[in-house]
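Engineer: Put chain B on the given structure of chain A with help from the hints.
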Amino acid sequence: MNSSIVALSVEDLSFSYGGKKALTQVNFKIQPGECTVLLGPNGAGKSTLFSLITRLYDTRDGRIELCGFDIKRQTLLALAKLGVVFQQTTLDMDLSVMQNLRYHTSLHGMGRKQAEQRIQQELERLNMYDRRFEKVRQLNGGHRRRVEIVRALLHKPSVLLLDEPTVGLDVPSRLSIVEYVHQLAVEENLAVLWASHLIDEIYPGDHLIVLHKGQVKANGTVDEVLNITNSPTIKDAFYSLTQGEQA
Amino acid sequence: MTNRPGADLHLPEGRRAGQPCVTLLHYWRAMRGIIWRELWRFVTQRERFISALVRPLVWLFVFAAGFRAALGLAITPPYETYILYEVYITPGLIGMIQLFNGMQSSLSMVYDREMGSMRILMVCPLPRWFLLISKLLAGTGVSILQAYVFLAIAWFYDIQAPWQGYLWIMPALLLSGLMLGALGLLLSSFIKQLENFAGVMNFVIFPMFFMSTALYPLWKVKESSVLLYHLAQYNPFSQAVEMIRFALYGQFNSMAFIYTLVAFIVFMASAIIGYNPSKGMMMRKGGA
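Residue numbers (this note's numbering), protein chains in the order written: chain A, 1 to 247; chain B, 248 to 535.
If we strip away everything but chain A, and leave its shape as in the complex, we get:
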């Protein structure tokens, strides 16, 4: 793989709500096959950053590119590359798993045959195919999350964004989702940006971005961040970068 390929590029990104700065000069790049954890305490600017990458907010200062497509000028091409799992459940509770997934495939312009094939493939990978006709309301939190991950992958995106996807889940569900996403990054050559405040979700091979008060405080591999901060653990590194704030 060519090391110059960038799946997601954020350059000099700043954003304010009125006069209040939410992000200041944020810069980072994510390569395909790489799992990047965006770590930051509440109010660090993680959700604002996600809203800008998904074009829910307009980028005024700075530039965001997905697979080389500018999110502001080539919005549709850029969004076609993106799979998103939002922090809140975004499934329709009154529809079945299958109906929710078909709705997504229609929004991405997929034909019936291709859609059915992709839905089956992705649901089987997460052992959810047998539950495809159940209403989402009947599923537990962990299974709903699985369906959302399936949905985000149906159109074969190059970049997968996950905004604190394990919040509120029990430990086994959380661990299985963390492991599955790491596996996806490698097997599918997917660039993953995972916003989290849970340090135990970080794998040793991950890329790490620490965001605090809208600024990138550290950006590198886990080892690099530990070296820069001269810390023995990620927890210590995080505390020193955020001056003791809770993740």
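None of these hints come from the bench; they were simulated from the model.
Accuracy of the hints is not assured; some may be wrong.
[Said to hold, decoys possible] In silico negatives: residues of chain A with every beta carbon more than 10 Å from chain B:
| # | residue |
| --- | --- |
| 1 | Thr75 |
| 2 | Ala80 |
| 3 | Arg102 |
| 4 | Phe133 |
| 5 | Gly168 |
| 6 | Ala218 |
| 7 | Asn219 |
[Said to hold, decoys possible] FRET-style restraints, in silico, Cβ to Cβ:
| # | chain 1 | residue 1 | chain 2 | residue 2 | range |
| --- | --- | --- | --- | --- | --- |
| 8 | A | Gly142 | B | Leu414 | 47 to 57 Å |
| 9 | A | Ile228 | B | Thr291 | 19 to 29 Å |
| 10 | A | Asp61 | B | Pro454 | 41 to 51 Å |
| 11 | B | Val290 | A | Leu76 | 23 to 33 Å |
| 12 | A | Phe133 | B | Phe296 | 21 to 31 Å |
| 13 | B | Arg279 | A | Val186 | 29 to 39 Å |
| 14 | B | Phe296 | A | Asp170 | 54 to 64 Å |
| 15 | B | Leu421 | A | Asp61 | 37 to 47 Å |
| 16 | A | Gln114 | B | Thr291 | 22 to 32 Å |
| 17 | A | Gly142 | B | Thr270 | 30 to 40 Å |
C-beta: ideal position from N, C-alpha, C; glycine also.
Structural biologist: The following block gives chain B in isolation, referenced to the frame of chain A:
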């Protein structure tokens, strides 16, 4: 490997790097998906279906029956003879169905936005204007379905129009549904939280309904207040009701048609601006 945008990363099947990712087929499939979802939700939510019908039926069976004796109506177009009050308010109640449906769609947009499912729609690779129009068409489809069920019940209550009227009313319902739905979309782009929706009921739906020709003809309004007469005359809801009224009797009211069409264009354009991340209210609200 090249440095062309997207060239080195896998693309959805059938697409090549640099080519527009949206085809006509994509638009069609997406619109079909959005409309199907809305209709399915409406049909499966039995309570919503019933409550949407109960409201105008109560007005027809109770309010109209009570006011029949109190209100005398002169012969006014499109009617060619004296009519019962129930007959007069039937087009107004169809307008009411569409007005409430438009606001209901608006409410569901605010709800979807708060609950997050709106985000899934907004991050799909289609222009926002198209997504909003698809949503609007879906909501209008639901309101037309409701209006025909109401007309069927009214038919058994001896409120019967010429059979051609039931065909002519279809395009009228489409335009009025689009106009009222677009108004709902516009309002939803301004409303930040679900709780604020009560304000819409008080400041938009009720004034719009009561200051219109839905319940009483314009000349009757003029007798009591000239100001109210002008407000009712220029109320887009009045024009939509008149368009429906004339269509139900096989006639075309050009003034009402043009007025409703212009109102639709204005509301829709404003809603599209409202939902545009770089221009609209979404920026100020800090949420999509």
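Engineer: Run every hint past the structure and note whether it holds.
Structural biologist: Results for each hint:
At roughly 8 Å from the closest C-beta of chain B, the C-beta of threonine 75(A) falls inside 10 Å, breaking its exclusion from the interface. For alanine 80(A), the non-interface assignment is contradicted: its Cβ lies about 4 Å from the closest Cβ of chain B, within the 10 Å cut-off. With a least beta-carbon separation of about 7 Å from chain B, arginine 102(A) fails to lie farther than 10 Å from that chain, contradicting its non-interface assignment. The non-interface label for phenylalanine 133(A) is consistent with chain B: the shortest C-beta to C-beta separation is roughly 14 Å, beyond 10 Å.
With a closest Cβ-Cβ approach of about 14 Å to chain B, glycine 168(A) is found to remain outside the 10 Å limit, as its non-interface label requires. The beta carbon of alanine 218(A) sits about 27 Å from the closest Cβ of chain B, which is more than 10 Å, so the claim that it is off the interface holds. For asparagine 219(A), the shortest C-beta to C-beta distance to chain B comes to about 22 Å, beyond the 10 Å cut-off, and the non-interface label holds. At roughly 52 Å, the beta carbons of glycine 142(A) and leucine 414(B) sit within the given window of 47 to 57 Å.
Against the hinted window of 19 to 29 Å, the Cβ-Cβ separation of isoleucine 228(A) and threonine 291(B) comes to about 55 Å, which falls outside the hint. A C-beta distance of roughly 42 Å is found between aspartate 61(A) and proline 454(B), which places it inside the suggested range of 41 to 51 Å. Taken as a hint, the range 23 to 33 Å holds for the pair valine 290(B) and leucine 76(A), whose Cβ atoms sit roughly 32 Å apart. In this structure the supplied range 21 to 31 Å holds for phenylalanine 133(A) paired with phenylalanine 296(B), their Cβ-Cβ distance being about 23 Å.
In this structure the supplied range 29 to 39 Å holds for arginine 279(B) paired with valine 186(A), their Cβ-Cβ distance being about 36 Å. For phenylalanine 296(B) paired with aspartate 170(A), a C-beta distance near 38 Å fails the hint of 54 to 64 Å. Range check, leucine 421(B) to aspartate 61(A): Cβ separation about 44 Å, and the 37 to 47 Å hint holds. Hint check: glutamine 114(A) to threonine 291(B), Cβ distance near 27 Å, so the stated range 22 to 32 Å holds.
Under the hint 30 to 40 Å, the C-beta atoms of glycine 142(A) and threonine 270(B), about 37 Å apart, fit the expected range.
In terms of the numbered hints stated before, the structure departs from hints 1, 2, 3, 9 and 14, listed from lowest to highest.
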